Amino acid sequence: MLNRSGLPSFLITLATFFVLQGVNLGVTRSVTGGVASNDISDMAGFDSAHAFFAASMKIGPVNLKIPVLFWIILTIIAAFVLLRTKVGNWIFAIGDDEKAARAVGVPVWKVRVGLYMFVGFCAWLSGMHLLFAFNQVQSGEGIGNEFIYIIAAVVGGCLLTGGYGSAVGASFGALMFGMTQLGINYAGWNPDWFKFFLGIMLLFAVVGALSYTKLGQSEDPPFTFRVMVVRTNWPGATAQQVAEQVTDKIERTLQEVPYADKIRTYTKPGESLTILELRDSAPPGEVQQVWY
Numbered sequence: 001m002l003n004r005s006g007l008p009s010f011l012i013t014l015a016t017f018f019v020l021q022g023v024n025l026g027v028t029r030s031v032t033g034g035v036a037s038n039d040i041s042d043m044a045g046f047d048s049a050h051a052f053f054a055a056s057m058k059i060g061p062v063n064l065k066i067p068v069l070f071w072i073i074l075t076i077i078a079a080f081v082l083l084r085t086k087v088g089n090w091i092f093a094i095g096d097d098e099k100a101a102r103a104v105g106v107p108v109w110k111v112r113v114g115l116y117m118f119v120g121f122c123a124w125l126s127g128m129h130l131l132f133a134f135n136q137v138q139s140g141e142g143i144g145n146e147f148i149y150i151i152a153a154v155v156g157g158c159l160l161t162g163g164y165g166s167a168v169g170a171s172f173g174a175l176m177f178g179m180t181q182l183g184i185n186y187a188g189w190n191p192d193w194f195k196f197f198l199g200i201m202l203l204f205a206v207v208g209a210l211s212y213t214k215l216g217q218s219e220d221p222p223f224t225f226r227v228m229v230v231r232t233n234w235p236g237a238t239a240q241q242v243a244e245q246v247t248d249k250i251e252r253t254l255q256e257v258p259y260a261d262k263i264r265t266y267t268k269p270g271e272s273l274t275i276l277e278l279r280d281s282a283p284p285g286e287v288q289q290v291w292y
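Read in order, the letters of the sequence shown are residues 1 to 292 in the working numbering.
FYI, nobody ran anything at the bench for these hints, they're computed from the structure.
One thing to keep in mind: the hints can contain errors.
[Stated by the list, open to error] Calculated cross-link-like contacts (lysine-lysine; reagent style DSS-like; alpha-carbon spacing at most 27 Å):
#1 99 <-> 110
#2 99 <-> 86
#3 110 <-> 86
[What the hints assert, rightly or not] If you anchor each label on the Cβ, the simulated ranges turn out as follows:
#4 117 <-> 44: 46 to 52 Å
#5 107 <-> 23: 39 to 45 Å
#6 187 <-> 102: 47 to 53 Å
#7 44 <-> 81: 32 to 38 Å
Model, not experiment: these values are computed from the prediction.
We put the CB at the ideal spot given by N, CA and C, even for glycine.
Starting from the given sequences, assemble the full structure and let the hints guide the process.
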């Protein structure tokens with residue numbers, strides 16, 4: 001639906017959330033006669049599933065619940081994918097400028113579907129923990145918290161406009177949210193103040209993100225960039241030979257054309273693809289003479 005309609009992902013996600021929320025409540029009522037699932041403690045294989053999804057372990061004086069371990073592992077995996085793989089580059093590229101990402105060959109649709117599947121997997125993992133920890137689950141579990149999850153990501157440094165953020169930052173945002181919620185209770189304060197502190201956290205996070213963005217923009221050179229994609233054929237050359245030729249050509253071009261900056265080069269046997277940034281002051285004719 002998201003890929004076909006072209007609507008903002010936030011609206012699609014929110015709309016399908018409300019649809020599935022109603023379906024979930026209606027089906028649960030029709031099957032169980034209430035708003036909670038039936039007790040599953042007598043189900044075959046319950047003990048083994050409970051040992052995995054609702055386990056806890058002792059590390060010194062700390063009793064570590066299994067969801068905390070899931071959280072740490074998923075954060076490490078997501079951070080590695082975002083920062084160390086081409087899929088991570090694709091995710092940032094799509095969030096920053098979808099049309100530009102598609103123009104340079106990023107599989108936008110596949111990346112989107114993969115991201116939604118990963119988020120669905122994380123939600124399933126959380127649901128399995130609740131189910132096997134309490135032997136049943138309420139159909140309204142988590143309803144009303146959808147904006148809190150978004151706030152946790154924003155507090156962690158993710159921009160709602162896309163193209164910037166980190167898995168570690170979002171995890172720390174969720175940690176700060178949980179610490180605030182529990183801290184108010186442990187301090188003996190009125191829990192009604194929780195939303196007040198949550199709003200303050202969101203406000204400071206947004207102001208901080210905007211200030212950081214403006215600071216980064218003020219350090220940019222006083223000119224804008226255009227992007228040019230250069231595809232070159234190297235008949236009969238191996239991937240290594242192509243890489244050597246392209247590296248040499250890029251070095252010569254950057255020396256001759258100071259207003260051209262290399263972004264990235266992709267090579268394969270017989271072909272190379274170079275993405276080049278050109279400043280507005282760059283004469284297009286000269287660059288074309290160098291590269292073509």
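Return the numbers of the hints above that this structure violates; sort them in rising order. Result: hints 4 and 5 break, sorted rising.
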